[in-house]
Amino acid sequence: MNILVCLKQILDPEIPARDFRVDTVKREADRGSASLVTNIFCENALETALQLRERTGSARITVLSYGPPSAEDSLRKALAMKADAAALVLNDGNQNPDPFTTARVLAAAIRKIGTFDLIMVGREAGDWGAGQTGGLIAEELGMPCVSFVDRIESNDGQLKLNRQTDTGWEVLEASPPIVVSVTNDEHNLPRIPKVRDVMMSYRQPLTNLSLDDLGIDAHEARAGNSYYQVAELSIPQKETHCEFVTGDTLDQKVGSLAQRIIEVTSAM
Amino acid sequence: MNDVVICLFATVGFDKASQGLAGAGRRLADELGGRLHAVVIGSGSDKLASELATFCDTVIVADQPELAEYQPETWLNALVRFCGELSPRSVLLAGDTYSQEIAPRLAYRLGGSAVGDVVEVRIEAGTLLVSRQVYGGKAQAVLELRRSPAVVWLRARSFAPPTPRDEVATITHAIFEIEVDTRTRIVERKREAGGQERLEEARVIVSGGRGIGGPEPFTTELQPLADLLGAQMAASRAACDAGWVPPTWQVGQTGKKVTPELYLAIAITGASQHMAGISEAKTIAAINTDPDAPIFKHCRFGIVEDYRKVVPLLREKLAALQTGANQSPDSAPR
Ligand SMILES: Cc1cc2nc3c(=O)[nH]c(=O)nc-3n(C[C@H](O)[C@H](O)[C@H](O)COP(=O)(O)OP(=O)(O)OC[C@H]3O[C@@H](n4cnc5c(N)ncnc54)[C@H](O)[C@@H]3O)c2cc1C
Ligand SMILES: Nc1ncnc2c1ncn2[C@@H]1O[C@H](COP(=O)(O)O)[C@@H](O)[C@H]1O
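These protein sequence lines are chains A and B, in that order.
Just so we're on the same page, the working numbering is the position in the first sequence counted from 1, plus 278.
Just so we're on the same page, the working numbering is the position in the second sequence counted from 1, plus 40.
Quick list of in silico lysine to aspartate or glutamate cross-link-like pairs, DMTMM-like style, CA-CA up to 25 Å:
id: 1; chain 1: B; residue 1: K322; chain 2: A; residue 2: E517
id: 2; chain 1: B; residue 1: K322; chain 2: A; residue 2: E521
id: 3; chain 1: A; residue 1: K516; chain 2: B; residue 2: E160
id: 4; chain 1: B; residue 1: K357; chain 2: B; residue 2: D330
id: 5; chain 1: A; residue 1: K304; chain 2: B; residue 2: E184
id: 6; chain 1: B; residue 1: K56; chain 2: B; residue 2: D103
id: 7; chain 1: B; residue 1: K230; chain 2: A; residue 2: E431
id: 8; chain 1: B; residue 1: K230; chain 2: A; residue 2: D444
id: 9; chain 1: A; residue 1: K516; chain 2: B; residue 2: D330
Here are the computed distance ranges between Cβ atoms for each label pair:
id: 10; chain 1: A; residue 1: R469; chain 2: B; residue 2: T260; range: 29 to 37 Å
id: 11; chain 1: A; residue 1: S512; chain 2: B; residue 2: T51; range: 32 to 40 Å
id: 12; chain 1: A; residue 1: L528; chain 2: B; residue 2: Q263; range: 17 to 25 Å
id: 13; chain 1: A; residue 1: G525; chain 2: B; residue 2: E164; range: 51 to 59 Å
id: 14; chain 1: A; residue 1: S488; chain 2: B; residue 2: G151; range: 27 to 35 Å
id: 15; chain 1: A; residue 1: G525; chain 2: B; residue 2: G253; range: 20 to 28 Å
These stretches of chain B come out as covered by chain A in the derived footprint (C-beta under 8 Å, 3 or more residues):
id: 16; segment: 275 to 286
id: 17; segment: 301 to 314
id: 18; segment: 335 to 347
What the hints contain is simulated information worked out from the structure, not anything from laboratory work.
Treat the numbers as computed from the prediction; the structure is a model and nothing was measured.
Glycine included, C-beta positions come from ideal geometry on N, C-alpha and C.
Pulled out of the complex, with its shape left as it was, chain A reads as follows (with noise of 0.2 Å):
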């Protein structure tokens, strides 16, 4: 089976709220001291895409991602989670493309660098959170598409899938190929790599690509979006006085607590 995982890198989510700045003027997120980390819906897929692999022992997985030079770091990442091979399509120009730019160019390079069973992306990605990039890609590539997955199991070229819902799980039947987006759950926390195989990773090859290899009109993906755009982007400035129950024991501080809790249920 040949599986391909899509990583985004992003501004580290997990920053304070309090030590994040955006400029309003270009409508971006300051980077200020925050690392760059790979999305963590995308290393859930990819830790997914690792155990199918364990179980049906012959699988090959390829990363892919559009990004600036430094998303390679996730690439590698990827490969020192032991990924087999790795692809990068360099943005040289809007540097935050809306997801229909984006599924055009990752659908774009997937048709060159393979044929594959299994195209998996994460949920969404934790800084513009679109949630969108899974599903057209599947269009791009007129492959059915099912989101919330969290675990999957081949027989025979089959693949059966289980995915979240609001209210339980689902299981599905379903004949790749397909794009299926991944969340999280408790079997599919990424692996830390061995720094060993971090070293490695770096030494391993990487496939680069640009724009003009993927005959996307350069143009196009360098100019503003056409699917939509921020119009603005701003700190809601939201903090409520919290009153901190008081009393000489705990016994007092828990039984104003419970008062506390009374009052406002009484009242609905």
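With chain A's structure known, arrange chain B with the ligands on it following the hints.
Just chain B with the ligands now, with coordinates in the frame of chain A:
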């Protein structure tokens, strides 16, 4: 071209989300000077359809056998068909699993743009603008949708319900030739055991985080507290990822968006991604050992203590206050 379509799934019924969706659709259609069409898909849609008829200009019911139950590819084909025929300016959906799954693809096939988890929709000089949280709830963005139709999935409980009108729309049962696509097939549907009511509808929520330390205290400590308060249980992503509680309990950016009167966060830091799910809770309260935990910046009240000491005592106090209230002179049975 100025019409708006709202897409609803029959299984959901006319819950808060559907009401918000209908309200958003009605107001947008009025703003555009167009008509509002409701498309109700799936079997058992009669009650929902008649509710919608009091706000919409037309109601189309798609309950033919091929569409009885959700199947991603087939329902997408059906919605493309229905919406395509109406050539609307905008298509609105709720924020449930299925809507999120098909909305971007629906936009693609209709030649439009999609955007999701939207909390505000407006028209300005002919362009459609939407607001949503980005960067894990740390920032707010206004996005301009550049293609038509604008396919938008809503954080539906953020929108007020519509007010009924005098006219009642006729309900049309549409029978179309729909292409059934079996490349993917849902073969099993499992509801989360325990039969919790929907978290989104809960009025009181008791929620636990990584600081709870394991699965047992959720059952032995938090559940009895929730029972006392008539509350539903929820959790942070960290607690779900640890496998302590099911993923359906997760609240936040990528979990449930809840709107309770009281949200009691126990041993939860209050990361922006978690807060993104409770921005519309009326009162947030917290129990946390760390006075600098960001959760307290959003709380009305809180206590800085170990939950293991607080929760057992809190149950006693609440039980006492509750029986006290029941035995007070004016509520005692004569
Ligand atoms: C793209 C993305 C999406 C995400 N989506 C979500 C989401 O939907 N929902 C979500 O919740 N998270 C989400 N997260 C994760 C989020 O960033 C946080 O990592 C997570 O919410 C932390 O969970 P926590 O507060 O339970 O754990 P921790 O951050 O580990 O906090 C534990 C807290 O418990 C307190 N504590 C410890 N022991 C005790 C005790 N005995 N008594 C009282 N207090 C105690 C500590 O002081 C601390 O504040 C997302 C992250 C990313 C990157
Ligand atoms: N620039 C990118 N390069 C590679 N994969 C991407 C890129 N943008 C989005 N994706 C994939 O699409 C998923 C969802 O992203 P989004 O639709 O932007 O929320 C991510 O988790 C990635 O798997």
